[in-house]
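What follows is each chain in one-letter form.
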Amino acid sequence: MLQRTKRRYRRDDTLAGFLFAFPWVVGFLVFQLYPIIMSGFYSFTKFNAVTAPIWVGLDNYTTLFKEPIFYKSLSNTLLYTSLAVPITIFMGLLVAVLLNMKIPMRGIFRSLFFLPSIVPLVASILGWIWIFDPMYGYLNKILGRMGLRPINWLGNPSYTKLSLVIITVWGFGTTMVIFLAAIQDIPRTYYEAAQLDGANQVQTFWSITLPNIAHVVMYQVILCIINSFQYFTQAYVIITSQSGSMVSGMAGGPQNSLLMYPLLLFYNAFTQLEMGKASAMAWLLFVFVGLLTLLILKISKRWMLYDD
Amino acid sequence: MDKIKKAIPYVILLLLAILYLFPFLIMFTTSFKTNAEAFEAGAGLFPRKITFENYRNVFEVIPFGRYLGNTLFITLFNMAGAILVTPMIAYSLSKLRWRGRRIIFTIVMSTMLIPYTATMIPLYKLWVSFGLIGTYVPLILPAFFGYPYYIVIMRQFMLSLPDELFEAATIDGCGHLRRFFNIAFPLSTPGITTVAIFSFLFTFSDFLGPLLYINKQTQFTLSLGLQAFLNEHTVEWTSLMAASVMFILPVLLLFIFAQRYFIEGIATTGIK
Numbered sequence: 138m139l140q141r142t143k144r145r146y147r148r149d150d151t152l153a154g155f156l157f158a159f160p161w162v163v164g165f166l167v168f169q170l171y172p173i174i175m176s177g178f179y180s181f182t183k184f185n186a187v188t189a190p191i192w193v194g195l196d197n198y199t200t201l202f203k204e205p206i207f208y209k210s211l212s213n214t215l216l217y218t219s220l221a222v223p224i225t226i227f228m229g230l231l232v233a234v235l236l237n238m239k240i241p242m243r244g245i246f247r248s249l250f251f252l253p254s255i256v257p258l259v260a261s262i263l264g265w266i267w268i269f270d271p272m273y274g275y276l277n278k279i280l281g282r283m284g285l286r287p288i289n290w291l292g293n294p295s296y297t298k299l300s301l302v303i304i305t306v307w308g309f310g311t312t313m314v315i316f317l318a319a320i321q322d323i324p325r326t327y328y329e330a331a332q333l334d335g336a337n338q339v340q341t342f343w344s345i346t347l348p349n350i351a352h353v354v355m356y357q358v359i360l361c362i363i364n365s366f367q368y369f370t371q372a373y374v375i376i377t378s379q380s381g382s383m384v385s386g387m388a389g390g391p392q393n394s395l396l397m398y399p400l401l402l403f404y405n406a407f408t409q410l411e412m413g414k415a416s417a418m419a420w421l422l423f424v425f426v427g428l429l430t431l432l433i434l435k436i437s438k439r440w441m442l443y444d445d
Numbered sequence: 181m182d183k184i185k186k187a188i189p190y191v192i193l194l195l196l197a198i199l200y201l202f203p204f205l206i207m208f209t210t211s212f213k214t215n216a217e218a219f220e221a222g223a224g225l226f227p228r229k230i231t232f233e234n235y236r237n238v239f240e241v242i243p244f245g246r247y248l249g250n251t252l253f254i255t256l257f258n259m260a261g262a263i264l265v266t267p268m269i270a271y272s273l274s275k276l277r278w279r280g281r282r283i284i285f286t287i288v289m290s291t292m293l294i295p296y297t298a299t300m301i302p303l304y305k306l307w308v309s310f311g312l313i314g315t316y317v318p319l320i321l322p323a324f325f326g327y328p329y330y331i332v333i334m335r336q337f338m339l340s341l342p343d344e345l346f347e348a349a350t351i352d353g354c355g356h357l358r359r360f361f362n363i364a365f366p367l368s369t370p371g372i373t374t375v376a377i378f379s380f381l382f383t384f385s386d387f388l389g390p391l392l393y394i395n396k397q398t399q400f401t402l403s404l405g406l407q408a409f410l411n412e413h414t415v416e417w418t419s420l421m422a423a424s425v426m427f428i429l430p431v432l433l434l435f436i437f438a439q440r441y442f443i444e445g446i447a448t449t450g451i452k
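Chains as they are written, first to last, in the working numbering: chain S, 138 to 445; chain P, 181 to 452.
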């Protein structure tokens, strides 16, 4: 009897399950699958969003690979990523470990470090542009007090990436909170055992904390890399503040040092109206992120609750 | 010696906290300075004489009220979409036993990280062909089809509801709709709150979406309006800082009253 009820229960659920999930199925087809396939198609065409696309084969990709500006945007993004990701991860780990200790007011500290990562990006970027101002900005005022020479943070191409990294590391809150949650999930008994064995703080970190959250750290590293390849708003707003006008076309900051990959993609699509070429860039980005996502899924299988 | 050792982490945190607060502090103090003082070489951190002129400018020079209204309009619709649709989908993927759910959840997980820049061109073309560029539809409608990130948060939450509840309800003769509306939905209030907060946060701050689809100044959101302000005028930094402070304020208030949801939401999925 019980057996039969169970079987019927199971059979009933297929229709309901599909109906409840239906909005997302439609959303996935229209807002995810369709654009991905179409952007693959457009990448083989000459296309400006108004007239019909014309098939050009691999032309967009070959032009792209010949253009110095493409490599410039790629190297900007890679350089930014190679600085921002390790520092964000390091700071996230450091603060998470410190906040895991019995420290007065640690709730307040946690909120405070978390806050920058949730404030509206445009608002905080405006603040940073003002702080980085070469003449009146506070950063240079402080450098001046210390007897150092002022730095043109957002105007000198050797410093622009560093400035972006500073802004990013300021917003490390989500990474830190995730690390902290992972550390708090480690069974207390592990630490008690280590204490009995006479391990000090550093030894405990290396032999207990880090191995137990290694998969979360890996996950965050990949996620930060993916985020770096989507870096757009901050650079776009900073460039607006400099050139005074975006109408001039492909503004990329001083010597194009702020021209990140998504920014070039955007300009190709919406100011040059070379949507075929932009789609080629979009597809390359999609494949790259796709590979990283596969990696993430592999890691998270061990971690996310795959219930059954 | 032991005391010093114990104080080290505290001191590091304190110094870092000051550094992290610094940008907020500068925005805040600049917003109360006169333009002359802000551009004075030797001026200190705090204003010599507090002025509220900048906050008046925010409403007179930058149409802050209008931008805020536009932003809230889009945000409220996005929240409504998320609240309406996310629990349904998550319910199907956590509490209903059917073959598709594993496949669908795998797709949800794998589409979660697709960069917006990778899909924006065909989507833009799609909205062009519907003649909806320059309207809020492209910024609102997708919310009614569920975002993977919210679905994952919601599903994790619903998995924690005991199955026995649903089994008991079935035995009592509750159909699917009643099990969802009378049990799953009300019991998921904390999960729904988390999703609503994330939806607020994301839409309220979004820049790229409005940049793509909005072209009339009267329709600008706060993000777009403040960015455009940089472009159009000789920049009045004091007013701009006042505008930024006011832009941050709603998020700050929400965070103070609901930070538990922020932090739990982020910790459960492990994803931004």
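Mixed in with the good hints there might be a few duds.
Subject to a maximum C-alpha distance of 27 Å in a straight line, what follows is the list of computed DSS-like cross-link-like pairs (lysine-lysine) [what the hints assert, rightly or not]:
1. Lys-239/S - Lys-186/P
2. Lys-278/S - Lys-229/P
3. Lys-278/S - Lys-298/S
4. Lys-239/S - Lys-396/P
5. Lys-209/S - Lys-239/S
6. Lys-209/S - Lys-278/S
7. Lys-203/S - Lys-278/S
8. Lys-185/P - Lys-239/S
9. Lys-209/S - Lys-183/S
Quick caveat, the hints were computed from the structure, so don't treat them as lab data.
Structure-based check of each hint:
1. Lys-239/S - Lys-186/P: holds, 10 Å
2. Lys-278/S - Lys-229/P: Between Lys-278/S and Lys-229/P the Cα gap is close to 20 Å, so the pair holds against 27 Å.
3. Lys-278/S - Lys-298/S: Holds: Lys-278/S and Lys-298/S sit about 21 Å apart, inside 27 Å.
4. Lys-239/S - Lys-396/P: Status violated; Cα separation ~53 Å.
5. Lys-209/S - Lys-239/S: violated, 47 Å
6. Lys-209/S - Lys-278/S: It is violated: about 32 Å lies between the C-alpha atoms, which goes past 27 Å.
7. Lys-203/S - Lys-278/S: violated, 44 Å
8. Lys-185/P - Lys-239/S: holds, 13 Å
9. Lys-209/S - Lys-183/S: holds, 23 Å
When held up to the earlier numbered hints, the structure conflicts with 4, 5, 6 and 7 and fits the remainder.
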